[in-house]
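First to last, the protein sequences are chains A and B.
Residue numbering for the first sequence follows the working numbering, starting at 4 and increasing by one per position.
Residue numbering for the second sequence follows the working numbering, starting at 281 and increasing by one per position.
Hints in this document: simulated from the structure, not taken from any laboratory.
These numbers come from a predicted model, not from an experiment.
Just so you know, not all the hints are guaranteed correct.
Unchecked claim - Derived SDA-like pairs: lysine to any residue, alpha-carbon spacing no greater than 25 angstroms straight-line: (1) A:Lys268 <-> B:Glu659; (2) B:Lys593 <-> A:Met4; (3) A:Lys16 <-> B:Thr596; (4) B:Lys359 <-> A:Lys16; (5) B:Lys667 <-> A:Arg270; (6) A:Lys268 <-> B:Lys593; (7) B:Lys355 <-> A:Arg270.
As the list claims (entries may be wrong) - One-sided and incomplete, this derived list gives chain A residues near chain B with beta-carbon spacing under 10 angstroms: (8) Ser30; (9) Arg33; (10) Arg36; (11) Arg39; (12) Lys46; (13) Gly278; (14) Ser313; (15) Leu315; (16) Ser316; (17) Leu317; (18) Ala324; (19) Ala377.
Idealized CB from N, CA, C, for every residue including glycine.
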Amino acid sequence: MALVLNEEQTMLKESAQGFLSEHAPVSQLRQLRDERSETGYDKATWQQMVELGWSGILVPEAHGGLAFGHVGMGQVMEENGRTLTASPLLSTAVLATSAINYAGSETQKKALLPAVVEGNLLFALALDEGPKYRPSLVKATATASGEGYVLNGEKQFVADAHIADRLIVSARTSGDANDAQGISLFIIDSAASGVDIERVHLADSRNSAMLRLSHVTLPADALLGEQGDAASLITYLTDVANIHLSAELLGISQEVFERTVQYMKERSQYGALIGSYQALQHRAAHMFSEIELAKSIVIKAQQALDVNDSQLSLLASACKAKVSAVATLVTNEGVQLHGGIGMTDELDIGFFMKRARVAEQQFGDRRYHLQRFASLQNY
Amino acid sequence: MSDLEQFRTQTREWLEANCPASQRLPVMAFEDRCWGGTKWCFVNEDQKQWLEVMAERGWTAPDWPAEYGGGGLSKEETKILREEMYRIDARPPLFSMGLSMIGPALLKYGSEELKRQHIPNIVKGKIWWCQGYSEPNYGSDLAGLQTRCEDKGDHFLVNGQKVWTSYAERADWMFCLVRTDPNAAKHAGISLVLFDMTTPGVRTSPIKLISGNSPFCETFLDDVRVEKDQLVGNINQGWELASYLLTHERAMIGNMGHTAASEKSLHQHAIDVAGGLENGQLGDTALRTDIAQWEIDILAFELTQERIDDETKAGTGTGATSSMLKYAGTELNKQRFELLTAIHGQAGLAWEGEAFDDGLLASQWLRTKGNSIEGGTSEIQLNIISKRILGLGQKA
Ligand SMILES: Cc1cc2nc3c(=O)[nH]c(=O)nc-3n(C[C@H](O)[C@H](O)[C@H](O)COP(=O)(O)OP(=O)(O)OC[C@H]3O[C@@H](n4cnc5c(N)ncnc54)[C@H](O)[C@@H]3O)c2cc1C
């Protein structure tokens, strides 16, 4: 497949760019932060995103979605990176949707996906039990009880948990704490008794929370996929999450880079534009080259999701590792090349750096994915 | 079956029947790659035969016009031929600056007579071309070059010195940048001329490199007579031609990072040297992540070549990317050999001895250091990206 967008994908990208830069630029995130917003996102903006169809990009037509695919969704994510728009898009429209598409029963799909498309049902995906991504380290337990299950345990750094109507939670139905086997995923009503959600604030001003489950009783149909057999679903979600986070990081990197080059053409010192100094030019040119490399691996990985490439995991890890390195480089250089003003809260650059670092950590940082890439190649 | 599918089937069958087994092995030594020319010693009959059968169909230059001996293939057919050759690990039958540099320039700027004289010989690999650009005082600042070329009525007379002329000793002809108007602005007084290296007044002297080899020379030009019809393009148009040629050269050098399908991967080298895995992993975990990082980078690089190709085809390309590819590709190729020598430890640095392929790896490693110098240094590529793509550089 050619590594270029088709006409419809290009149109979607352009419309996302237009909409976000007009209705949800970085100033919106800044305002949400400054007001200590309850929800951490702007509901009216989300409603407009829903009207644009974004909540249904990954939902099959049979369930009321657009079935537009991951390359398309990736364009929206990339543009979201450029504006740092906070919304339920990743947690609900990408991750939960992918989980339900992949492993949900027909009944679950019918009940949940149309509500996702309408924007009425928000999700959070709760896999982590520590600050670093280790999806098979699951101590939370699900014990069979009557027709259903009882869940106990703790989950950490769950994005969007406090605004979610439903939580998708991993818990162990068998095996030891670090076994890849024996894990199951459950869909839990966030209002159920025994569910305790405590919001935490991270540097990126986006939503995160700690989650405690004490004797949460669930019916049998809360199970997503087969009991004890969530490993392949978790692998798939790892791939999906990292490819879309990479798109966001690519958007962040491009935006910071363009703003930095622009500043190099405006700021003068010693009677010359700082962009005329070769030491800085070479750093900019190096970043340009790195971003070009990142773009190619991102579109390749998005296409791999759409065609279910046999190399999907390998490409997902290559993608996240590369783009994380590029985002670290570009956001650090972005601050440095702005000088003192780069350190101020008033300038947006810092927002990009903070979001980039959280996105890099979510679902595994560069080092995690280097290791995963090596393991997948059997070395 | 569509015409292209049919072309693929026929090409596949023909290659199977005509590409000798020895020409499907990885290129190890310099001689494994045929450069052609009158002084070329074929390593074996197969190499000679492979060149001849491919050249007969013009497939050494598949997309050049058939009227000058090229293959006359369309872009799509050329791509299919490349893919089919890659599939069976077929070596390119010919590798030369004739194919990658002066040929394309002649096709674009040369007179009909020059094309008829030179193109068929390039296709057949009969003439080894060398590139006379750099001078002792003008390397990166190539446009400052001082080799003089005077109009003597019925011929030109060339005087000056070139340096770093790759393979000048073995070459048959040189394409040479000369100053034809010393009074014009530096870019406006340069021309491109061609001459036979056996012309009286041409003398070469080899330069020994850190790799131990002497592939390039100083070339002295004293009262060298050049025929007037050997001027490519117009007088004083040389800089435009040189720039055109350089984009071709950069694409070729940047491409060196590419690993052939049959080549052993870096991680396989590491596994073999370590004598296997420990708990399913390379025991040297720092090396493991270094290798993973490089393998990811080269994947991103190859995908970028592909993407830029696809964008060009779709008409959405931003252009001016040859500098970026040259910069990234050569830096990655240098890293590859840093990793390879590190993987092999002191054996990777052996200089002599049959057990060590006569120091092949060490000399290959050292050769790659030139990748980011030849064809315009990495720093010059970064200058070009800054100025032409990013628009940096005005003095306020
Ligand atoms: C393996 C190899 C094969 C070659 N083959 C040929 C050949 O066949 N024919 C031929 O004509 N030439 C050939 N060359 C020569 C090559 O093109 C030159 O070496 C190259 O252009 C650099 O010129 P220089 O060596 O004079 O270095 P210099 O230009 O003196 O550069 C020295 C250092 O200064 C840096 N520098 C120079 N100017 C700037 C600037 N404006 N901004 C920032 N940094 C700068 C360079 O990047 C470099 O690091 C070959 C070189 C090598 C290594």
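Structure-based check of each hint:
1. A:Lys268 <-> B:Glu659: holds, 21 angstroms
2. B:Lys593 <-> A:Met4: holds, 13 angstroms
3. A:Lys16 <-> B:Thr596: Roughly 15 angstroms between the alpha carbons, so the hint for A:Lys16 and B:Thr596 holds.
4. B:Lys359 <-> A:Lys16: violated, 30 angstroms
5. B:Lys667 <-> A:Arg270: Cα-Cα ~17 angstroms, so holds.
6. A:Lys268 <-> B:Lys593: At roughly 33 angstroms apart (the allowed maximum being 25 angstroms), B:Lys593 and A:Lys268 break the hint.
7. B:Lys355 <-> A:Arg270: violated, 46 angstroms
8. Ser30: Cβ of A:Ser30 sits 27 angstroms from chain B, so the hint is violated.
9. Arg33: violated, 28 angstroms
10. Arg36: Violated. Min distance 32 angstroms.
11. Arg39: Result: violated, 39 angstroms to nearest chain B Cβ.
12. Lys46: violated, 37 angstroms
13. Gly278: This interface hint holds because 4 angstroms falls under the 10 angstroms limit.
14. Ser313: violated, 15 angstroms
15. Leu315: violated, 14 angstroms
16. Ser316: violated, 13 angstroms
17. Leu317: holds, 9 angstroms
18. Ala324: holds, 5 angstroms
19. Ala377: holds, 4 angstroms
Violated hints, in rising order: 4, 6, 7, 8, 9, 10, 11, 12, 14, 15, 16; the structure is consistent with all others.
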